[in-house]
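Asker: These protein sequence lines map, in sequence, to chains A and B.
Once you know that position 815 of the first sequence is 815 in our numbering, the rest is easy, because the numbers rise by one and skip nothing.
To convert a position in the second sequence, counted from 1, into our numbering, add 1000.
There may be inaccurate statements among the hints.
Distance condition first, Cα-Cα at most 20 Å in a straight line; then the derived EDC-like pairs of lysine to aspartate or glutamate [stated by the list, open to error]:
1) B:Lys1128 x A:Asp178
2) A:Lys877 x B:Asp1213
3) A:Lys877 x B:Glu1276
4) B:Lys1022 x B:Glu1127
5) A:Lys500 x A:Asp178
6) A:Lys499 x A:Asp178
7) B:Lys1163 x B:Glu1125
8) A:Lys877 x B:Glu1052
9) A:Lys877 x B:Asp1028
10) B:Lys1022 x A:Glu984
Calculated Cβ distances over 10 Å to all of chain A for the following chain B residues [stated by the list, open to error]:
11) Lys1022
12) His1049
13) Cys1098
14) Phe1132
15) Phe1153
16) Gly1165
17) Asp1213
18) Ala1252
Since the hints were derived computationally from the structure, they do not count as laboratory data.
Note that beta-carbon positions come from the ideal geometry of N, C-alpha and C, so glycine has one too.
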Amino acid sequence: MNFTNILVKILLHLMAAIYSRIPSKRQYLKSADGWTNFCIGIRTENRSVMAAVRFNDGRVSVMGSIPEGVDSVLIFRDGKAVMEALNLPPNELVMFLTKGKLRIEGNFAYPNLFNYYVSVLLYKKHLGMQKKLIEEHERQKQADSMKGDSGPAPAEKSARHGALRAPARDRGVKYLSDPYLSGYSLSDFPRLKEFLDQHFTTKPEICPERALLMTRWFKENGFEKRADGTPWPPELRQAGAYKYMMEHRRPIIRKGDLVAGTSTTKDIGVILYPDAHGTMIWGELNNVPDRELNPYNISGDTKRVLHRDVFPYWTHRNFREWVREEYDNPLCQRIDERFAVYFLWKSVALSHTIADFPKLLRIGTKGYIGEIRREIAKTSASKRDKRTLLEAMILCLEGLAAYAKNLSKQAAAEAQSETDPVRKGELLRLAVICDRVPEGPCETLDEAVNAAWIGWVGLHMENTNAGLSLGRMDQWFQPYFAADMAKLKSAKKREEYIKKAIELVGCFYMRCTDHLPLVPDIGNYLFGGSSSDQAITLGGITPEGKDAVCDMTYLFLKVTEMLSIRDPNVNARFCPGVNSDAYLRRLCEVNLITTATPSLHNDKSVMSSLKEFAYDIKDLRNWSATGCVEPTLSGKHIGHTNCMMMNMVAALEMALNNGRHPLMNWKVGPETGAIESGSFRTFEEFYRAFTRQFQFLIDNSVELNNMLGKAHGYIRPTPLLSALIDGPMKKGLDVTRGGAKYNSSGSACIGLADITDSLMAVKKLVYDEKQVSLPEFKKAIDANYQGYPELHALVMSRVPRFGSGSEEALAMAGRVAKFAHDAYYAHKNYRGGRYTAGFWSMSNHVIFGNMTGALPSGRLTGKAFTPGLTPEPNASKNLLDNIRDVARLNPRHMNNNIAFNVKVVPSASDTHEKMVDTMHSYVKTYFGLGGMQMQMNVVSSAVLRDAMVHPELYRNLIVRISGYNAYFVTLNREMQIELIERAEYRV
Amino acid sequence: MNRTVKSEVNQSKNEPLIFEIKGNSLDDGPGIRTVVFFKGCPLSCVWCHNPESKRRERELSYDKKKCVGCDTCVGACPEKALDRGLPGFVNRERCSLCLKCAEVCPSGALSAVGNRMSVDEIVREIEKDVPFFENSGGGVTLSGGEPTLFMDFASRLAARLKKRGVSVLLETCGFFNCDTFMKMLYPHLDMIYFDIKLFDGAEHLRLCGRPNDVILANFAKLYRKYRQGGTEVLPRVPLIPDCTATEENLSAIADFLRKLGVKKIGLLQNNPLWFEKNEMLGRSTDIETGSMRAWIDREKMERIRSLFKGIEIV
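Sequences and hints are given; from them, build the entire structure.
Answerer: Structure (structure tokens):
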């Protein structure tokens, strides 16, 4: 018996004694429905440490071995990792998962509960540890910020509002005399200024409302079975709970708001979805207010309610555990749960889509219900599933309407007691609006905005707030704007109305910031700083192929510019040859002012990337960006475009190690040849090893995605979304089961530049020039190039990289992209659709990089990969080389879109106009060459370094990560460094 | 000297070495531009920002920041000219410029400066940037060094570019034979950036190695031509602290320009990094340059701008 093993047992016995004997602690073992019983094992890989704790009917016992039927086992790499873990707060312990120091086998909820039990005892000690870690990080950041070149002081931020006037009016612009709206600035809108200030100063708080109401209904009415013992049709069960929740959630109108309703009961609320990943926060309930990154407030009441009433009910009723039980802990899931090679968003959400908002605004829930009733009348009684779904849809739509009615009453009641006559008028108007919509059709812009928002809240109450997107709001609001305008005759009235409309859209944006996704601390490293990523799409062309840029496009751009917030995630479509230069210049100006948004898309290339699906051309032209950048056909398509994040570099590491993944220390992939014993006589043989490993990862990730998809169909079908998407009503299938008109699943393949450069290095140095043998190269890589400075220098200076203008490197990147595309496209998903391949990375290029060793490309151990498919900074000093290479990749092989980051830095001497001109030239040329997407960060490394240590001065500094925006100061240190080290080009 | 070497030397008089073709330049004329740097210059300004452009011949550059210290080069050098004991590593007296060291250097710390390129090769290299020119109103800038030192080559290159529809801008120090220039190069140019450094002839001789009378006369001639509808000429002054950026010099230049009716001027901010580049080439100078290696701060810049009252600073 070793010391660590003895210590672990002593501590567990101590814990068991406290929980079994002290009543104030013992009460934690009980949920609202009785004792929470489970058994958790703790061991090291070689079993040098081994113990188990059983919680049974209020007693806690410790065992020296791990019994059969244990719920979960924490497996540490070695005794050292165990000792380290004893000195960590629970959130840091979870980080062990990403360091290869810990893996979990079995149910994921119980380790979180166990962590919670530990934190109840050690809360104060953990707080001290957390403080120390934070101080340590501050010191590191201080040191990091001192690195880098000295140079002239960073250029001052350009004017915070647009300075240019539109040189011309687009055909679709009917009412704006200066479409750039340069006469307005934030100071004209005190209401928005106030909201913005609250946005930056309010600490988010966990809101249990949705989880609690849903759980209450399920406990009363059953989840698997009805009270009478018959099995529930999942759609009907969800609809029943949904309607109950919508009727009973608090109708809140934020002080001073022009848009009624909130996503949660908190000013900024974190929504909990215990049927998805909600229980992941269980272990952190005590620590979450004090964690370093994205801390949330949580009330004692919320903690108690979640621990006692909510979480115990969901330990098995969630996507992840349903798959584990249904498929007996399959290999594809065990790979996923090591976090190193792929991450399946499907375990959290199936929400990357765009509902048919224009139809909701046009006919209202009443119109929908009428349609559904007619469909029921046409449907024979034998089609029970279809009838069930249709009934479920009605319940959901009724729930949505009921919530609006409650808001109406609330507005009327508040108007009664309101003393300010202006506000009183606004509240009375809100009472009228919410009484009419979204139940009935919208007639005015304020009705449309409120109806869209209430619909949006309703969708988020059903489905996880992760990438659910808004779509072409400029197109869909324009008719209401135009109708309002047409009624106004005097120029003065019209100008007043335009100002009001800007304010209204501004309120809508700020409403969208009222909720955040639940991010357990591990998520701060996986997806740091990401909000819900509610993509809005502007401009482009109409379903008929005409110029779609209109008044509302520019209104949205003005709001984007003035607020300069991370979410909604604004995406702009530009169709070369159809959209105007004036519009493209304005997009660049807004990008310059906000430093990071909108993201810019080439309509022609995005549409051509989807050619093989043979979508109806009108639907195709109606595409919107979803979550980050990915295309979804608005209102008709479940494309779950972010079903997974795939680490392509893991496949390369496995090829270098004959199927073994180094960090996981797991020979999980096929044996494709050992370098040490002389495999790979040609580059082609080596390349094939890489693609075989990649294929293995793709096959497994797809298998898991399909399993998780089935879990959604059972655990959480979404009848409201099904009603608001074209297809399910006729097909009689929920969208989670393939009811939508179009179905697909989208992947994000990470590390294209790192893979390409690595393959080029192997090809050039080993096979073409024979400067080094592969076994020798492998040794250098395994040693992180320590002791191999010459070889490292050779790699860095002599290998033609992606983004350098090298035809060969470009062809290599294209070859890898084609492989990814073909391998994914060959698979069918559980809804009958195909898989697409995208090349963007959210922030996973950082964490996956942290989990990866040195590469043939010269990238050192632990360093971030490049974001999206952005070339490596060393590829070329010339931005134009980057732009040309990325533009020349074939969109057909990148049908889930790309994220191409460009960091441009204004020079102190450049005028605002010159900067806009230059950015415009880059984008226009890039699009002309066929580039799909581009996103520019207009900020220098000097500014970012300063922000690292003076976060209080930069709270609103937004940066594009890869596809989404984040506030720089909320990012973890690794991500901040990745942004600083990106190649920068001066504008 | 045998025949082949001789003809190489003869040819190199007319055919320049190119030491860089730099894309995406935003400071060398309107729009996005590609700059072709010619190697060789009649002047030898001590602060020269491109010291590698001064000599016409190929040179060896050593960047100690890139060096990993593997000493592969030391073994490869037939002249034993590489010595870690030397401050600049390369013994320039011994070095025969065979460049064997640069061939084997894994990091690129040792590199050759200057490549022989034909007009065709240069045009081909530039071709990929043309779409960026079209969307930005940019083009090609001939710079250096001094392109007019290779009048025949420069004019053939400019003519070819012009024919391709690419706008051509010349950056010049102004030290050239004006008649030849007007005949050969001028017709192909869309714009001229003309450097005026020091107004005092003696100072000019001391710090730039040549008198400035030809330069000032050439400028006056070209500017008059511009006012009569010729190619636009923009005078530019590099601001070197305690050197060109003195009140006396700048006032004198401003007076000179005002008399010619000049409306616009470019002021070039000093970039102290030029000194490091000098070291890479093993260059040194007897002239004290310490104070020339500083940034010009905002306050001082304001004072400088005020000296050019009546002339727009672009």
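Asker: Are the hints correct? Go through all of them and say.
Answerer: We went through each hint and held it up to the structure:
no.: 1; hint: B:Lys1128 x A:Asp178; result: violated (37 Å)
no.: 2; hint: A:Lys877 x B:Asp1213; result: violated (39 Å)
no.: 3; hint: A:Lys877 x B:Glu1276; result: holds (19 Å)
no.: 4; hint: B:Lys1022 x B:Glu1127; result: holds (13 Å)
no.: 5; hint: A:Lys500 x A:Asp178; result: holds (16 Å)
no.: 6; hint: A:Lys499 x A:Asp178; result: holds (13 Å)
no.: 7; hint: B:Lys1163 x B:Glu1125; result: holds (16 Å)
no.: 8; hint: A:Lys877 x B:Glu1052; result: holds (18 Å)
no.: 9; hint: A:Lys877 x B:Asp1028; result: holds (17 Å)
no.: 10; hint: B:Lys1022 x A:Glu984; result: holds (16 Å)
no.: 11; hint: Lys1022; result: violated (7 Å)
no.: 12; hint: His1049; result: holds (15 Å)
no.: 13; hint: Cys1098; result: holds (20 Å)
no.: 14; hint: Phe1132; result: violated (5 Å)
no.: 15; hint: Phe1153; result: holds (24 Å)
no.: 16; hint: Gly1165; result: holds (16 Å)
no.: 17; hint: Asp1213; result: holds (32 Å)
no.: 18; hint: Ala1252; result: holds (24 Å)
This entry does not satisfy hints 1, 2, 11, 14, going by the numbered hints stated previously.
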